[in-house]
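Turn these sequences into a full structure, and let the hints guide you.
Just so you know, the protein sequences line up as chains F and Z, in that order.
Just so we're aligned: 138 in the working numbering is position 119 of the first sequence, and the numbers increase by one with no gaps anywhere.
Just so we're aligned: 55 in the working numbering is position 36 of the second sequence, and the numbers increase by one with no gaps anywhere.
Worth flagging that the hints you see were computed from the coordinates, not collected in a lab.
All values derive from a computational prediction rather than experimental measurement.
It cannot be assumed that every hint is accurate.
A pair holds if it fits inside one copy or across any two, identical chains being indistinguishable in the list.
As the list claims (entries may be wrong) - List of simulated lysine-lysine pairs, DSSO-like, C-alpha gap at most 30 Å:
id: 1; residue 1: Lys93; residue 2: Lys313
id: 2; residue 1: Lys217; residue 2: Lys62
id: 3; residue 1: Lys230; residue 2: Lys93
id: 4; residue 1: Lys313; residue 2: Lys358
id: 5; residue 1: Lys62; residue 2: Lys313
id: 6; residue 1: Lys217; residue 2: Lys331
Protein chains: 2
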Amino acid sequence: MPVGTQASIKALDPHTVSALGFRILLCNTYHLLLRPGTEIIKKAGGLHKFMNFPWLILTDSGGFQVFSLSSFNKITKEGIIFRSYLDGSEIFLNPEGAILAQCELGSDIMMVLDTCIPYPCDFEKTRELTNLTHHWAERCLESYLSISKPKGVLFGIVQGGMYEDLRSFSARYVSSLPFPGYAIGGLSVGEPSEIRIKMIECAVEHLPEEKPRYLMGVGTPLDIVEAVMQGVDMFDCVLPTRNARRGTLFTSQGYVNIRNSRYKDDFSPLDPACACYTCRNFTKAYLRHLFQAKELLAYTLLTLHNLYYYAKLMERVRLAIYLDSLELIYEELTKLYQKTAEEVEE
Amino acid sequence: MPVGTQASIKALDPHTVSALGFRILLCNTYHLLLRPGTEIIKKAGGLHKFMNFPWLILTDSGGFQVFSLSSFNKITKEGIIFRSYLDGSEIFLNPEGAILAQCELGSDIMMVLDTCIPYPCDFEKTRELTNLTHHWAERCLESYLSISKPKGVLFGIVQGGMYEDLRSFSARYVSSLPFPGYAIGGLSVGEPSEIRIKMIECAVEHLPEEKPRYLMGVGTPLDIVEAVMQGVDMFDCVLPTRNARRGTLFTSQGYVNIRNSRYKDDFSPLDPACACYTCRNFTKAYLRHLFQAKELLAYTLLTLHNLYYYAKLMERVRLAIYLDSLELIYEELTKLYQKTAEEVEE
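Below is the structure:
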């Protein structure tokens with residue numbers, strides 16, 4: 020799922036997102052709650068109509084951003100009090116409010132309100148926040164079940180920080196609740212990848228195979244393939260879009276940093292093996308010029324390329340599941356991205 | 020002609036510009052000289068290939084921007100010395116250099132190097148700078164004629180400041196040189212519209228009817244229709260694209276300022292009478308949200324609309340020339356834009 024934080028995949032129009040093959044994207048309840056407000060989107064007939072995206076939309080609950088973007092936040096058993104990053108006003112978000120907001124958005128897949136556990140975090144605090152997430156999950160579910168004819172479904176979220184037993188416990192607890200899908204939250208928050216992989220393992224072990232498993236906020240092409248091999252089914256990540264706006268591209272040759280002066284008279288495509296609109300129509304030299312000149316077209320063309328890359332990667336991954344050849348993709352990507360890692364740093 | 024200063028119509032990809040019906044655009048030699056450098060564009064096979072725009076490209080000579088964008092510039096009979104606004108380096112531009120740069124760009128219509136006369140400016144200074152423009156025009160022409168098989172054509176530019184006799188003199192002088200088209204420069208620099216109209220009149224009177232007359236840097240829909248009625252054939256202006264990025268739209272109802280809070284829950288199109296992609300697919304409420312949230316998609320969708328508006332206006336204008344009904348368009352636009360002028364200010 021590409022990320023359309025404020026009801027827009029940054030720099031791309033929704034028809035282009037559809038044309039790239041995406042049939043689901045993620046929007047952030049937190050941002051939309053503050054601007055333009057969920058009541059306006061409800062009046063518009065829901066997010067799909069508002070932003071003119073006809074396919075599926077998953078919304079997060081807002082919990083993560085409350086922690087990462089609000090200068091002030093206070094957490095109680097009842098919910099979270101935080102200040103709007105736009106005007107400083109005080110806002111209260113509780114599990115019932117998170118469900119209501121997502122219903123107003125007309126979300127197809129809603130997420131329970133969860134707590135964001137910082138990294139690092141001690142065991143006791145992690146246990147406490149994980150238990151609170153469980154309590155809120157139950158309240159979200161109850162609130163959801165009280166809706167007559169809900170449009171979307173509601174997913175649970177596993178927390179547990181970086182502690183194996185808490186991850187396992189959380190996965191067992193959350194999977195005991197009748198959600199149609201389960202997410203693994205609180206990862207990619209700065210922990211080493213070995214820990215992330217271990218935590219995914221602890222969670223996946225207890226999540227039913229017949230229901231979708233969704234790893235939130237992950238990740239690089241390699242992270243994704245790795246997690247698929249562990250049994251994860253769904254992903255969202257800002258990486259393809261955000262990296263594009265910073266000039267870092269994913270290609271069949273590994274990373275390309277378009278700011279690099281070596282491309283100033285390189286009239287070959289960004290990725291000779293890529294069939295996207297950008298690679299078919301423009302050269303590295305032109306893309307570099309646009310980027311250096313801060314032309315808005317740079318962000319559009321580079322975002323388009325990175326999302327195309329991810330769409331094609333996921334196509335390959337789906338096929339490889341059937342062919343039982345994920346290992347090959349994993350090895351290919353490991354070599355490729357290790358070899359070109361310095362491009363990103365330059 | 021929409022303006023693609025740095026080899027890109029800001030926020031639009033060149034295929035969209037083509038799809039809007041534009042078959043010619045303007046690029047700025049000054050900007051491209053400094054970044055990425057005309058030699059790189061030459062290596063790319065010219066501007067058309069570089070930016071992937073298959074139709075015509077007109078390039079200005081760089082004179083105007085040397086004056087408006089350079090903190091330091093010194094003008095002699097030989098040419099202009101100025102500092103790059105990018106790195107402060109000292110650059111010398113003379114008539115021969117301006118032609119060379121435009122040849123390297125692969126321009127279809129090149130412009131002679133001219134001087135930019137400030138407003139206001141006394142008679143003596145205006146006369147001096149106008150004579151220098153004439154001298155440079157001759158050198159540009161000589162330089163151009165020495166090229167074997169030039170790709171593009173070269174237009175002359177009438178100056179003369181805001182003095183009727185100098186305008187007439189300049190128009191007579193420049194039109195005595197065998198250019199295939201003539202531009203009227205140095206207007207829309209802050210002077211009242213009555214003066215601009217008078218200056219156009221003085222120039223047009225002496226410019227041959229069978230060759231294109233090009234009014235540089237003008238203007239609003241009304242300015243354009245007015246100038247067409249005076250006998251002008253070609254225009255370039257940043258107004259549709261720049262206004263779009265500032266949230267000011269041209270519509271069949273007059274100005275719309277998309278930032279206005281009255282649009283926050285207005286789910287009608289920007290312009291109900293408009294058939295552009297933006298008006299067919301998005302509401303004012305969504306466009307306002309994108310704009311307020313500084314989403315890049317706002318600039319793309321609003322630019323697209325304004326350029327569509329200008330393209331359709333020029334279609335109407337061309338038809339009205341044959342039907343002898345320009346006066347009707349003029350009256351319609353006068354009422355419309357006077358009535359909605361406050362929208363822009365809000």
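Tested hints:
1. Lys93 x Lys313: between (39 Å within a copy, 29 Å between copies)
2. Lys217 x Lys62: neither (44 Å within a copy, 52 Å between copies)
3. Lys230 x Lys93: neither (34 Å within a copy, 73 Å between copies)
4. Lys313 x Lys358: Within one copy only: 28 Å inside a chain, 36 Å across chains, cut-off 30 Å.
5. Lys62 x Lys313: Classified as between: cross-chain Cα gap 22 Å, same-chain 36 Å, threshold 30 Å.
6. Lys217 x Lys331: Within one copy, since 27 Å is at most 30 Å while 60 Å is not.
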